[in-house]
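Produce the complete structure using the sequences and hints provided.
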Amino acid sequence: MMNDIIGLFLLCVGVLFNFIGCIGLVRFPDVYNRLQAGTKCVTLGTCLILLGVVFMATTGATAVKGILCMVFILITSPTAAHALARGAHKAGIKLWDKSVVDKYAEDKQ
Amino acid sequence: MKKTALFIAAFCLWFLLVWPFHPISQRILWPDVFVGLGVALLITLVMREFSVQRFRRLINPVRYFWLVMYAFVFAYYLIKANLDMAFRIIHPSMPIKPGIVKVKTNLQTDTAITALANSITLTPGTLTVDVVDRNYLYVHWINVQTENEAEATHKILGRFEWFIKKIFE
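Quick mapping for you: the protein sequence lines, in order, are chains A and B.
Residues in the first sequence are numbered from 25 upward in steps of one, following my numbering.
Residues in the second sequence are numbered from 26 upward in steps of one, following my numbering.
It cannot be assumed that every hint is accurate.
Claimed, not checked - With a Cα cut of at most 35 Å, we get these calculated DSBU-like pairs of lysine-lysine:
1. B/K127 with A/K122
2. A/K89 with B/K105
3. B/K191 with B/K105
4. A/K118 with B/K180
5. B/K191 with A/K89
6. A/K122 with B/K180
As the list claims (entries may be wrong) - Far from chain B, some chain A residues (derived; all Cβ distances over 12 Å):
7. D28
8. I30
9. G31
10. I44
11. Q60
12. L92
What the hints contain is simulated information worked out from the structure, not anything from laboratory work.
Backbone N, C-alpha and C fix where the C-beta goes; we use that ideal spot for every residue, glycine too.
Pasting the structure below:
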């Protein structure tokens with residue numbers, strides 16, 4: 025019973041973070057800022073949802089799967105964001121107008 | 026030796042993910058186990074070129090101790106990063122000041138640099154864009170506090186580099 029309450033709480037917080045991440049995807053001005061919102065909030069949100077599943081799981085097998093999925097998401101999500109950001113910059117996508125500095129473009133010239 | 030370790034690791038992972046026990050009688054399901062052995066063998070054959078370079082480091086318990094310590098530190102920064110990001114997203118005037126800065130790292134091995142880049146991406150306001158010559162990282166920072174290379178290095182890498190050096194180098 026207690027596990028269910030903790031699990032549901034974690035699920036709700038996780039969904040909330042995922043929701044905030046999605047708002048960030050719409051509100052932020054350029055691809056790099058959007059990636060920041062998409063990576064951080066959605067990674068933590070999904071990890072919290074999986075943690076909630078671990079708490080609510082009735083068998084050990086499900087719990088182990090949940091923890092393994094968390095580890096894999098923590099490894100792959102930032103790698104994918106890095107690949108997207110690098111690809112976007114190589115493809116010549118500009119930073120937002122109000123960005124203060126772009127050392128990467130400066131050094132490439 | 027390395028191949029055996031890779032095979033055992035792949036098979037253990039398969040075992041944990043599939044959990045080949047009958048849900049009611051709890052008897053082990055041998056067909057699943059044999060498929061797992063086959064898949065693990067296939068992965069070992071295909072991936073042998075990509076396995077660990079320095080096997081001795083993989084079995085050093087001190088590194089695992091630091092890895093567990095790092096997990097707690099990392100969890101703290103991950104939650105802090107998310108609260109910070111949520112604040113910036115929800116705030117009506119969207120207080121961001123983005124830019125790409127350059128930071129210098131002293132780490133040498135590929136694994137360590139990968140771990141560092143991933144840690145940077147998941148922590149407050151920073152996203153690794155590229156790694157050049159294993160020395161310089163270009164980091165997109167959502168709230169640029171300084172454009173100076175040394176200061177940015179201290180602010181972004183200061184909290185992780187020490188740990189990652191202990192774990193992966």
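Hint check results:
1. B/K127 with A/K122: Holds, at roughly 19 Å.
2. A/K89 with B/K105: Holds, at roughly 26 Å.
3. B/K191 with B/K105: Between B/K191 and B/K105 the Cα gap is close to 23 Å, so the pair holds against 35 Å.
4. A/K118 with B/K180: 25 Å, holds
5. B/K191 with A/K89: Distance of about 29 Å is within 35 Å: holds.
6. A/K122 with B/K180: Holds, at roughly 22 Å.
7. D28: 21 Å, holds
8. I30: Given that every Cβ of chain B is farther than 12 Å from that of A/I30, nearest at about 17 Å, it holds.
9. G31: 18 Å, holds
10. I44: 5 Å, violated
11. Q60: Given that some Cβ of chain B is not farther than 12 Å from that of A/Q60, nearest at about 5 Å, it is violated.
12. L92: Violated, because the least Cβ-Cβ distance between A/L92 and chain B comes to about 6 Å, which does not exceed 12 Å.
In this structure, the earlier hints numbered 10, 11 and 12 are contradicted, and the remaining ones agree with it.
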